[in-house]
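> Single-letter residue listing:
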Amino acid sequence: MTAKDLKKISRENLWFNNPIFIQILGICSTLAVTNLLTNTLIMTLGVTFTAAFSNLTIAFMKDWIPRKVRMIVQVLIISFYVIIVDILLRAFLPEISKSLGPYVGLIITNCILMGRAEAFAQSNPPIPAFWDGLTSGIGYMWVLMAIAFVREFLGFGTLFGFPVAPAWFPQWTIMVMAPSAFFLVAILLWIAKNRMTGGKA
Amino acid sequence: MSPQIAPLSLFFASIFTSNILLANFLGMCSFISISKDFDSSNGLGLAVTVVLTITGVVNWAVLHYILFPLGLYYLRFIVFIIVIAAVVQILEMVIDRLSPALYMTLGIFLPLITVNCAILGAVLFIEIRNYTFLQSAIFSLGSGLGWWLAIASLAAIRKKVDRAPVPAGLKGPGITLITIGFMAMAFIGFSGMLKVQ
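As they're listed, the protein sequences go chains A and B.
Final position of the first sequence in numbering that gives the first Met the number 0 is 200; the numbers increase by one with none missing.
Final position of the second sequence in numbering that gives the first Met the number 0 is 196; the numbers increase by one with none missing.
Quick caveat, the hints were computed from the structure, so don't treat them as lab data.
Note that this is a predicted model, so its numbers are computed, not measured.
All C-beta atoms, glycine included, are put in the ideal place defined by N, C-alpha and C.
Errors might be hidden in some of the hints.
[As the list claims (entries may be wrong)] Distance windows between CB atoms, simulated:
1) B:Asp36 <-> A:Glu117: 18 to 28 Å
2) A:Leu92 <-> B:Leu74: 14 to 24 Å
3) B:Leu69 <-> A:Trp167: 52 to 62 Å
4) B:Ile127 <-> A:Thr196: 41 to 51 Å
5) A:Phe79 <-> B:Val165: 38 to 48 Å
6) B:Val93 <-> A:Leu5: 46 to 56 Å
7) A:Arg66 <-> B:Pro164: 41 to 51 Å
8) A:Phe168 <-> B:Gln88: 51 to 61 Å
9) B:Leu69 <-> A:Ile186: 40 to 50 Å
10) B:Leu71 <-> A:Phe59: 18 to 28 Å
The shape of chain B in the complex, shown without the other chains (with noise of 0.2 Å):
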């Protein structure tokens, strides 16, 4: 049985108050180790973003193709995990070719992608909530926006806090997660209101 919800709120849903990181935690450690950087974070969310919205798609249909058709549902995690491998090398030769300068900016992250928590997590989450096929597309969407747009958030807020005085134990990661779960506080504030499923 799928979920019956409105494309729209599903897309605000996954984006703000269902958000993939500061909900679910998912795409940590990528996250506090980048959001240093302004610049960094922005390419890294565009990135997450891309491969998010392809491997979501294609994950679907390669479990309602594939995996179950030929009774090999077990092996979805490895299947699931190769699919996204493929989809970031192919993605980096296609960028290269079509467009180096946005090669530079987003070549050096597509790499670190295949191990980022949040793009297996939104396809674990996209099987096991039975989404539609729409509902997938607009999901893995929404989720990788809101994705780009904790860690750009979070990289402007740390460049406040880090001139901030801080006691010496908590400085660098500690503050940082504090101010994430501020964050998180104020993004899943509504979540009386929109919900994913």
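If we strip away everything but chain A, and leave its shape as in the complex, we get (with noise of 0.2 Å):
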């Protein structure tokens, strides 16, 4: 594995094969807190290291599972990162891990979770499962925050809670709410389709 590959994995990861464009995949547990910017960094950031660190060890771990059984070992491995997460977030910033409720435990259930783990994790070396896992993460991340920036802007005109907004700003409710949610992936969504296919699809 040389570092070009190294390379192509982070390009695939972070726009080719990014798994919200491609399949839409793994929103489950985090759309739910795009209205916030904070929410939705810290979330995305438990994603991305339970996805590097669970590849990471599913990697070492692959020539002892039994195949039969490894579905339910990769998603106890999965909740053995989240726990962590978990425990983190509730020492060291409790007020988020407040707000952020039940959706931390979620990402358990985060379809990009296993998926890497079956796809990449499952058939590669240790390293650039690491890396694939780190880069799906980043990639998931920034299409996300991209959705928290337009919600948390034009729902509460605020960015990572500071008014940045002027008074005369009228606050749109919907963007607070779950369909908006929706629509900024659709629109995400068509505009990343039209740039990889050069509007031909």
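Once you've looked at the hints, go ahead and assemble the two chains, each given alone in its own frame, into the complex.
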């Protein structure tokens, strides 16, 4: 595995094979918190951490995991890291941990983690697997941060909690609620697809 | 402290105004990929409802009678997911034994369900909102039915949308997401009247 391969993995995961654009995978656990940038950042950092380390662990252990039970073993490895994320959040960021509510635990069932474990970590050496998990997490992070940026700015007139919009700026209540997230993902998907295919799909 | 909420309003709130899929975004992955086909959507909806109701109740009991007394609260994520996997596995064997016909419709969806976010999500909501036993049972049944309703209606809508002239870049998942957005607006439109907690 050379540096060139690693570069190829990152390009794939950040843009051409971005989990959100290609298959809309993994939005379950995080889309709900995208109305605030801070929450989104913490959540996606949690996903990135879990993806990177669970990929690393699975790649190390793959020869000892019997094929028949590999799914449940993968889920257990993932939940192990999610518990670490949860405990760290409770200890150092109790406010954010509270506002994220059940969504931290839901990182376990985030489809991206299982997807990367099955598709990459299962059949590759540890270091590239770690890199793959890390870049998938970052590819996921930038898309959701873009959505959160629009939702928080238009919905509350703030960015990371700091007021930036002028006082006359009307706050869009719809941006705080669930439907706007669906519309924004659809619009981003549209833009991304058009750029990738040059307008002719 | 358990929230004071009448069983009937909890039931309707969990189906409509706080629909686990449209208001909380849980179970999206299978929602978008399966809703291409109406019959599969129906099958998956039924399977989710059954599994969600059973795991909601079982996990409530596990949390209150095993995890709290033994001080193992921090292990809850792992325990919940194992319970869900076990329930799915047992259900698969029971259905296979009792009704091969039902197994043919449900069987292929059951393994998918272990990692369906809606199942674990409902369990975590039950834990965080401190529901009583009865409330947990009603909430999990209602959430399952709500999920079923959402996926079945989306599948029916998609049949028409697939034939509509949509911009190329928006075809497939894009227009589906916009449809889901409109459905979400319709479902949570009355959330001032009914609340889950």
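> State for each hint whether it applies.
Hints versus structure:
At roughly 23 Å, the beta-carbon separation of B:Asp36 and A:Glu117 lies within the given 18 to 28 Å, and the hint holds. For the pair A:Leu92 and B:Leu74, the supplied restraint of 14 to 24 Å holds, since their beta-carbon distance comes to about 21 Å. Between B:Leu69 and A:Trp167 the beta carbons are some 57 Å apart, a value that agrees with the proposed interval 52 to 62 Å. The supplied range of 41 to 51 Å is met by B:Ile127 and A:Thr196, whose beta-carbon atoms lie about 43 Å from each other.
Between A:Phe79 and B:Val165 the beta carbon distance is about 43 Å. The supplied range of 38 to 48 Å therefore holds. A hinted range of 46 to 56 Å holds for the C-beta pair B:Val93 and A:Leu5, which are about 48 Å apart. Range check, A:Arg66 to B:Pro164: Cβ separation about 46 Å, and the 41 to 51 Å hint holds. For the pair A:Phe168 and B:Gln88, the beta carbons lie near 54 Å from each other, so the given range of 51 to 61 Å is met.
Between B:Leu69 and A:Ile186 the Cβ separation comes to about 49 Å, which falls inside the hinted range of 40 to 50 Å. A C-beta distance of roughly 27 Å is found between B:Leu71 and A:Phe59, which places it inside the suggested range of 18 to 28 Å.
In terms of the numbered hints stated before, the structure departs from none.
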